[in-house]
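Colleague: In order, the protein sequence lines correspond to chains S and D.
Anchor point for the first sequence: position 101 equals 100 in numbering that gives the first Met the number 0, and the numbering is continuous, going up by one each time.
Anchor point for the second sequence: position 209 equals 208 in numbering that gives the first Met the number 0, and the numbering is continuous, going up by one each time.
Calculated from the structure, these hints are not laboratory results.
One thing to keep in mind: the hints can contain errors.
[As the list claims (entries may be wrong)] Below are the EDC-like pairs computed for lysine to aspartate or glutamate, each with C-alpha atoms no more than 20 Å apart in a straight line:
1. S/Lys247 - D/Glu5
2. S/Lys256 - D/Glu7
3. S/Lys250 - S/Glu175
4. S/Lys148 - S/Glu115
5. D/Lys250 - D/Glu279
6. S/Lys247 - D/Glu279
7. S/Lys71 - S/Glu112
8. S/Lys139 - S/Glu186
9. D/Lys9 - S/Asp235
10. S/Lys43 - S/Asp92
11. S/Lys256 - D/Glu5
12. D/Lys254 - D/Glu279
13. S/Lys188 - S/Glu25
A quick note: this is a predicted structure, and the numbers were derived from the prediction, not measured.
Below are the chains, spelled out letter by letter.
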Amino acid sequence: MKPSIYENSRDVFLDTVNAKDYIQLERISAIYDSLKDSIEKPLKMVLLYGKPGTGKSMFLSRLYQNLLPLQKVYLYSTPILDESEFFKTLAQDLYGIAYDGELNFTQFIKILENRELQDTAIPLILLDEAQLYSTAMMEKIRLLSDTRKVKFLIALHKTDKEDIIAKEHFQTRIWESIKLENSSNSELKIYIQKKLMKANCIDTASMFTQKSINLIHKLTDGNFRNANKLVYTLFDIYLYYANTNPSKITKGEVSTKYIEMAAIHTGLINA
Amino acid sequence: MLNVSELEFKHKKYKRSFYYRYLIIFSVVIIGLIPILLFTLFDEKVEIQTTKQQAIITPIIEEKNDSITQDSNSTLIIVEENISKKEKIIPIIETKEIEDNSSILEEKRVLLTPSLSFIDRIESSNTQHITNVISDIKEVEVENIEPIIEEVKPKEQIIVNNKIESIEKTLPRIEDKKTSINIERKDEESDIADVIKRFNINHNPALSLFIAKKYYQLGNYEQAYNYALMTNDLNNNIEGSWIIFSKSLVKMNKKELAIETLKKYISYSNSSQAKQLLDEITSGKFK
């Protein structure tokens with residue numbers, strides 16, 4: 000196998016959030032459809048949560064790409080922690096009003112109340128990494144959703160803060176609560192192979208037998224981010240041997256030794 | 000850029016520790032299983048042994064309680080009557096209060112070594128045969144002799160009290176009578192029974208020799224043989240016991256064994272009486 004094949008295969012697993020790289024998995028698709036249905040309903044808020052690396056950002060990115068041609072939707076991948084900046088960005092996105100000075104919550108509420116929606120569909124704000132917003136800010140977001148002039152889809156890590164949001168202030172406002180979990184063995188196999196096949200790396204995709212997938216799943220606990228990191232390093236190792244000592248590469252199946260080496264490098268194995 | 004050579008080294012280290020871990024777990028499991036296995040296999044055996052120990056200990060404790068309940072005077076009387084009993088009961092009474100149960104049990108085990116059951120067996124069954132013979136007899140390879148007694152009682156240092164001395168004094172008189180008087184047969188049996196009782200209490204070789212001689216006279220050669228053997232067991236330097244023993248053997252049609260036994264005895268004692276008997280047996284005078 001040419002070194003370039005390993006290089007291409009490796010780059011497939013770069014940890015980036017790109018809706019084009021989204022891999023359709025059966026379970027995730029069901030969740031996605033359910034979420035899409037919820038958004039179409041007169042909801043106030045939707046909560047999307049899960050451990051880091053379970054695909055929340057990718058999920059939001061995919062949703063954003065799909066909804067963009069249909070309705071007003073805005074994705075805030077990075078939290079806007081400054082309150083004035085947050086409201087100014089909202090005013091700009093929702094009504095096209097640019098504010099030079101400070102814009103506080105009271106002023107923004109007044110704008111919301113005075114403005115009539117141009118479309119029938121309520122604009123949707125996708126807030127990623129929402130666990131980084133302060134509790135006070137989250138309270139204000141809740142009050143904004145109460146005006147029914149804007150909807151929020153909040154994605155956050157499963158933390159204590161998330162529990163507060165879910166159980167106390169936001170409990171009655173949250174229309175839908177969706178939890179993303181790590182993948183199963185079979186899902187991980189589909190995920191890796193589909194990713195490779197999408198990049199026309201069919202030879203390397205066929206190298207992943209159930210045995211090697213089981214080992215990767217065991218090491219990564221089915222976490223997509225960890226799996227990406229591991230497989231990326233794995234192909235990096237293959238690339239090294241392809242360039243320096245090709246005889247060390249056993250064809251047809253991913254070497255357990257190389258998987259373990261990649262796991263040591265990524266810190267999944269403490270050696 | 001990956002440092003693959005370093006990764007390979009780390010991987011080797013990881014695999015080593017991985018296998019060591021499994022090896023340790025395996026070893027621990029094996030070590031853990033062995034005692035369980037042994038316990039399971041020998042559990043039954045241990046139970047049997049424990050039951051045996053309990054059976055042995057219980058009567059001893061009962062016996063001990065009996066002796067404790069007696070007042071000091073009565074204990075002393077017992078001591079006078081029975082030398083061996085005196086030696087054993089007194090230490091129990093003295094140590095009872097200070098020793099715990101385990102030490103009592105240990106002591107009890109020591110107390111059990113003299114085979115009183117052996118005596119009882121002889122008392123109850125006169126027809127029982129001896130299996131173990133004294134060391135000298137063993138050397139002569141007494142293989143053809145039927146087993147009569149199951150165990151040989153260890154030699155004890157017997158403290159002779161006045162009573163026993165008086166018994167001993169009576170023996171020569173009886174022996175004197177032996178040659179001159181034919182005692183009435185009816186009285187003979189009861190006399191022997193009395194002597195046997197006394198012998199069972201103090202294990203005096205003079206008594207057992209007397210019994211052996213009496214049985215020989217009565218024609219009960221098996222019993223004569225038995226008591227001669229017991230005498231020999233208690234004291235193997237008594238000439239009379241060897242003579243009776245050999246004579247009994249001849250009477251029991253074990254002439255060759257009798258000759259061998261006498262030769263063995265003559266070789267280290269140079270007994271003239273034994274020589275004479277040997278000559279008589281070999282020449283056929285003694286049948």
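Colleague: Now tell me if each hint is right for this structure.
Modeller: Evaluation of the provided hints:
1. S/Lys247 - D/Glu5: Holds, at about 16 Å.
2. S/Lys256 - D/Glu7: holds (9 Å)
3. S/Lys250 - S/Glu175: With Cα atoms ~48 Å apart, S/Lys250 and S/Glu175 exceed 20 Å; violated.
4. S/Lys148 - S/Glu115: holds (8 Å)
5. D/Lys250 - D/Glu279: holds (13 Å)
6. S/Lys247 - D/Glu279: Between S/Lys247 and D/Glu279 the Cα gap is close to 103 Å, so the pair fails against 20 Å, i.e. violated.
7. S/Lys71 - S/Glu112: Given that 20 Å is the threshold and the Cα spacing comes to 18 Å, the pair holds.
8. S/Lys139 - S/Glu186: Distance ~39 Å between S/Lys139 and S/Glu186 Cα, so the pair is violated.
9. D/Lys9 - S/Asp235: holds (17 Å)
10. S/Lys43 - S/Asp92: holds (18 Å)
11. S/Lys256 - D/Glu5: Given pair S/Lys256, D/Glu5 holds - Cα atoms ~14 Å apart, limit 20 Å.
12. D/Lys254 - D/Glu279: This hinted pair holds, its Cα atoms lying about 11 Å apart.
13. S/Lys188 - S/Glu25: holds (13 Å)
In the structure shown, a violation is registered for the earlier hints numbered 3, 6, 8, in ascending order.
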